[in-house]
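Number of protein chains: 4
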Amino acid sequence: MKKFTLLGTGLIGQFYTMSLHSQRRQDLVYNVFSTHREKAKDFAAKWKIPRFTDNMQEAIEDPETDVVIVALPNYLHKEAILMACKAGKAVLCTKPLALNGDEAREILEEVEKAGIFHGYLEDLAYTPKTLKAIEIVKSGSCGRILWTKSREAHPGPHSAWFWDKKLSGGGALVDLGCHCIEIGRSFIGKDVKPLEVMCWADTQVKPIDAEDHAIALIKYETGAISQIEVSWNFRGGMDLRDEVSGTEGTIRLDHWLRTGFEVFTSGATDKYVSEKAESDAGWLFPVGDEVHSLGYPDMFTDMLDSLENNMEPKETFYDGYVVNAIIDACYKSAATKQWEPVDLFEWRGKEGLHSGVDQVDYDEKHFLIKKEKMPDGKTKLMLKEKLTGKIVQKVID
Amino acid sequence: MKKFTLLGTGLIGQFYTMSLHSQRRQDLVYNVFSTHREKAKDFAAKWKIPRFTDNMQEAIEDPETDVVIVALPNYLHKEAILMACKAGKAVLCTKPLALNGDEAREILEEVEKAGIFHGYLEDLAYTPKTLKAIEIVKSGSCGRILWTKSREAHPGPHSAWFWDKKLSGGGALVDLGCHCIEIGRSFIGKDVKPLEVMCWADTQVKPIDAEDHAIALIKYETGAISQIEVSWNFRGGMDLRDEVSGTEGTIRLDHWLRTGFEVFTSGATDKYVSEKAESDAGWLFPVGDEVHSLGYPDMFTDMLDSLENNMEPKETFYDGYVVNAIIDACYKSAATKQWEPVDLFEWRGKEGLHSGVDQVDYDEKHFLIKKEKMPDGKTKLMLKEKLTGKIVQKVID
Amino acid sequence: MKKFTLLGTGLIGQFYTMSLHSQRRQDLVYNVFSTHREKAKDFAAKWKIPRFTDNMQEAIEDPETDVVIVALPNYLHKEAILMACKAGKAVLCTKPLALNGDEAREILEEVEKAGIFHGYLEDLAYTPKTLKAIEIVKSGSCGRILWTKSREAHPGPHSAWFWDKKLSGGGALVDLGCHCIEIGRSFIGKDVKPLEVMCWADTQVKPIDAEDHAIALIKYETGAISQIEVSWNFRGGMDLRDEVSGTEGTIRLDHWLRTGFEVFTSGATDKYVSEKAESDAGWLFPVGDEVHSLGYPDMFTDMLDSLENNMEPKETFYDGYVVNAIIDACYKSAATKQWEPVDLFEWRGKEGLHSGVDQVDYDEKHFLIKKEKMPDGKTKLMLKEKLTGKIVQKVID
Amino acid sequence: MKKFTLLGTGLIGQFYTMSLHSQRRQDLVYNVFSTHREKAKDFAAKWKIPRFTDNMQEAIEDPETDVVIVALPNYLHKEAILMACKAGKAVLCTKPLALNGDEAREILEEVEKAGIFHGYLEDLAYTPKTLKAIEIVKSGSCGRILWTKSREAHPGPHSAWFWDKKLSGGGALVDLGCHCIEIGRSFIGKDVKPLEVMCWADTQVKPIDAEDHAIALIKYETGAISQIEVSWNFRGGMDLRDEVSGTEGTIRLDHWLRTGFEVFTSGATDKYVSEKAESDAGWLFPVGDEVHSLGYPDMFTDMLDSLENNMEPKETFYDGYVVNAIIDACYKSAATKQWEPVDLFEWRGKEGLHSGVDQVDYDEKHFLIKKEKMPDGKTKLMLKEKLTGKIVQKVID
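Residue numbers (my numbering), protein chains in the order written: chain V, 1 to 397; chain W, 398 to 794; chain P, 795 to 1191; chain B, 1192 to 1588.
Because the hints were derived from the structure by calculation, they are not lab data. Ideal placement from N, C-alpha and C gives every residue a C-beta, glycine not left out. Incorrect hints may have been included.
A few chain V positions that, by computed beta-carbon distances, are all more than 12 Å from chain W [claimed, not checked]:
#1 87
#2 113
#3 379
#4 385
In silico SDA-like pairs for lysine to any residue, Cα to Cα no more than 20 Å straight-line [as the list claims (entries may be wrong)]:
#5 P/797 - P/899
#6 V/380 - B/1351
#7 W/562 - P/1183
#8 B/1528 - V/340
#9 P/984 - P/1139
#10 W/762 - P/1139
#11 B/1528 - V/339
#12 W/587 - W/751
#13 P/1188 - P/1157
#14 P/880 - P/855
#15 V/3 - V/58
#16 W/775 - P/833
#17 V/78 - V/117
#18 P/797 - B/1192
#19 B/1304 - B/1351
#20 W/400 - W/706
#21 W/770 - P/1075
#22 P/1188 - W/561
#23 V/380 - B/1429
#24 W/787 - P/951
#25 P/1184 - W/587
#26 P/880 - P/910
Taking the hints into account, I'd like the entire structure generated from these sequences.
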């Protein structure tokens, strides 16, 4: 059983607390901090948290708590984590880790110097569907991974600081892209090196300085491409989908809008059916258990089991750093309009992985391109002559 | 924190233990019983359960445990529950409660006489989708409930005793229909009286005495119809869907086959992608978190929170009794080929509820049948003349 | 190339004409009749039809036309068809054929006596999905058919006469059930005899004499059950789904609400996105090509190709008669609250078909109940001892 | 009624003929050409085509035919079209128009010089879902279009010449990308100028010179981005999906894999359930009417109605030219690894369209960023101070 200091009482702090305090879990938010004392007090009352404070240092140094959870706006992560380093206390930080790669690197070096446990709260790498899909990919059922797509789009965030890139580090790319990047890494292999990035980012709708829509391609050393699509301009709720394409299989995940839960209502009552639905009448698509669908319970289970067993959790600050470095490359590419390398001060995964085609011999003289069973029961082969490169087709029984 | 005695090490015992021992929950299976000592031992080892035994009475009377979970074949429920009554210990029993209504009534009367806490482990009334859908229905978003459909179908159960109706009480109706009946009650209102039942049941495929396929309609006092469809002959995995139709809305739930998780695999590996899939290649539809999708975690949370707070859980043995009584009426109807009344020794819900049409006045002379907005922006009305009963249509701007 | 006399200018007449006059088809509506001359005139102008009239006999006897299409309210079918018999002209009649089985039999006997070509315009037996699904069933891919479900539900019809059972023959059962019954027959085999019927029908919402909601089970000689669900109380658009369950396979069809076409709109414009959607904002589910999805083009192709080739179309007035006879049995069952036989004056299909279980030998001493591949690669068998009836399980490598 | 000369007897020639000769259409393939006389003969016999030949010029100049359909491999389009120019005959050409933009321009200039009717057979711009979706977009229901995605992926083409880029002009980009580009143009507006392109293309799996996988972003003058995803490495059938995102709405289309038709089969028969399914057991997803779902009937209807009415069809050779020019830019970008301009010798659409944010005033001092109804019924506003650029939030009743 672990006790937490929670820093921050916004939406994400609520989701964390809801996840930890439900389903008879043994762990407990014990002290909550907000710069607004009143908010801290209300939050503590609502969630039955024994202590609250508007003094961040005091919250972090609370001798009763084992772990600090940083659920603050992005520009405050570093300050909070450095305090946790000083206090020698395990720290979990919400996504993204930092405003940019340099800051993320600094944070990473500090927690490693301090020798404290650190977990990166990338919940979408922990959704039940994602966990099972990663297992399927690892079993080889999809073959070699060629492409992943991760899409997160909604009509924009709920707090003012998100919209100000000085406080958040950027727009939809920082807010949503950090999820998508880490989901892609999880499928392609977190030990596979990201090499370079091509990104388009634009401010299409909202009167802000940051981008409200972006698309990026991240190329990995195996040749796999991880595609990310993020938008604050999407209409219709929250679009949260992933796809994986491999030489032997395909995966499609929908986490939010089409999960086997469909409701039509004439709007007879004023009550909200579903909170992120943009509508309270017509066809609505609620999610059964929101925090579970978003991965929070499984994420905290991994974090705390790892902490108790002196192991690394699946997501560490190193992962947070890699994500920030990839986002940096995205912004650079959006500006230079060309592919930009991912600049990592240190790579902790595999090196020198092979990319490209594995040629399959059909016979001495031919490579196999494609084999296809036809309606009449025969098999059609597409072959390439090794000598001439000529492509020929052949039908066999 | 509660400690359990678990009776039974079959599939359902595994699901219960998996649910209780995951996600850092505070409660614990502490003693496990099987008639086969070896099975109890292996089960205890696998799930890190401190004690095991092949003596049921000893397991039930273990002074360290607070709650007995009955996860035994149907014909053993009564014996186990009566022992728990004697031990004065809280008892949770898997579905169905008993072999038939009479036995269920006897069990109910015994636990009430003994004054012990009793919970009916109807997990499908607790799936996250079902809980949220019930909330939506209670909010009025669907209006007055007219019809529910609950469908559970798969290729048949995994243990021999299920197939022998002397040991199980029946076939697919008992095994799967108990779920469907309680889901229907949950949407229509558990305080609404079930009046009568029409049921078709047949043995279409399997060489057994019990039915392998059945369909029933249950009529409630409000006029609502609860339709249930159960089969052990279904091909393609497990079909687990519910629908609700009301005067103001519609709900559709898919718990298993189409939940936003789709995988295609060429069958490149021998590994199982999904256990109930009937196939290990082609398009497969795994579920992210099986126990969660089936409602186990939320069910145990309700049971144990209720126990600690001296409250009734959502599902009690009285509910189990009502379900058994409805199944009895189904079997009777299947034999007599006509509607049969549901015979309840005692009704604890509402009485004298209204059924039938609520006539809506359009004006002094007409009732409103239907109002429809047309493509040209006008409104078309279907009206009934109060005096003559004649139906007329009218278009207004 | 054929020329038509069209009787009736309502919604169904429009759908027929739209289907025949689109996609550069060679056939043509040449004369249109309505009791309201003005309507006939407008309809002719809209669809470029050379002639119009308010004289039905004149329309039918038009020497320029080859085929009469009856698209009139149900109570007028007989009169129109008898006129066509007199004129010796091929006749196609919309569904249902007649107000009841007796009238349908009379119509059938008259057209057969007159020796004219007759086609029953049951479009939903001709939707592209249904045609392909029937082909799949006939190929044996689903094995022996055990159950079909056909569901048609929407918020009620658009013309006053539908709501008056003296003019229509009944309520939702007549209006929608006729479709569902014929879809079930198409999957089970139109040469398989319907034996008996169990039906629930109620007036739950609308202030009318006819039923606005009904469910029926039709038992066929093979033991197959055809389930039909019809409602005029459904909210959310038009629910048009079929399912088939066989010993080797399963089919699910959605013709309208979930066909791979999804739109969200904030409601920025006043324009209709989709006509049967009950809403012009939020998530809407239009259909690409409505008449095609509903089977009209393929239906007319079969009718006219059959006429030209002197063959019977897939759907004749005999089929219309069988459907009316089944509906009669439904109403009887709804009143007597028990299964009622289907009363057919003549059965033109197969007789003496086998129903029930095909026992499969596992070895000399056992029947096979179920065979299942387990996650560990072993095979689990459920067996029944021939001598004792005892059920045992066995695991083999 | 029109008569056709069909050049080519491959898969696409079959699809065209199947579309034209079904559903009692009035037009007719009258002469068919193949370089292999035997193939022409068999094709003519199969489809009841009066004439066949292995002399292309003779086929084109057949005085009985009105229109030439070019259904030949890409490298033969130009030769055939120039012959049609000489013969002064209307010509329809399959996609892509040419091997590259220069060849396409030459073709376009020749047909315009010859003054013949020309139609570009881009069937996927004519699917019933696409046609209705374009109508929805044009009605304004989705607001200003920000992004489109078109995805076409399958395990690779069926004829050898496709795999040889000298004969086809390229790989998946040419084969599938031409569809996706034109679908994007159709939603964004065919009169909106494509400005520049960013493309990734790689040969990941197949031992060929051309790319087997590519992703491109095409930027239009309005700022809209059209994303295309094409692959010959996809597993699981044919993935054919489009998405549209606008300021007021969202559209999702699935043309092939999830259209409301689902079949599970144990594989009891050897028969093919669905041809492009990569599997003949397990869950399969057939399409009801393949040619209709792919847009062929609606495409030929537009082409022939336009021809008869002396109008331009929706898709002309100019459109084919624009698509080829965009593909050229894609290849260039894949090589230079940066955005490349789309080089058009002549732009026939609108010029000088506005791109970027439309700032919405909230009051004198603020722009509106976002407005959101909250669960408690209040409204939350995100505002930007005009003077300072500071972002503030405000909650009103």
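| message | Flag every earlier hint the structure violates by its number, smallest first. | response | Numbers 5, 10, 19 and 25, in rising order.
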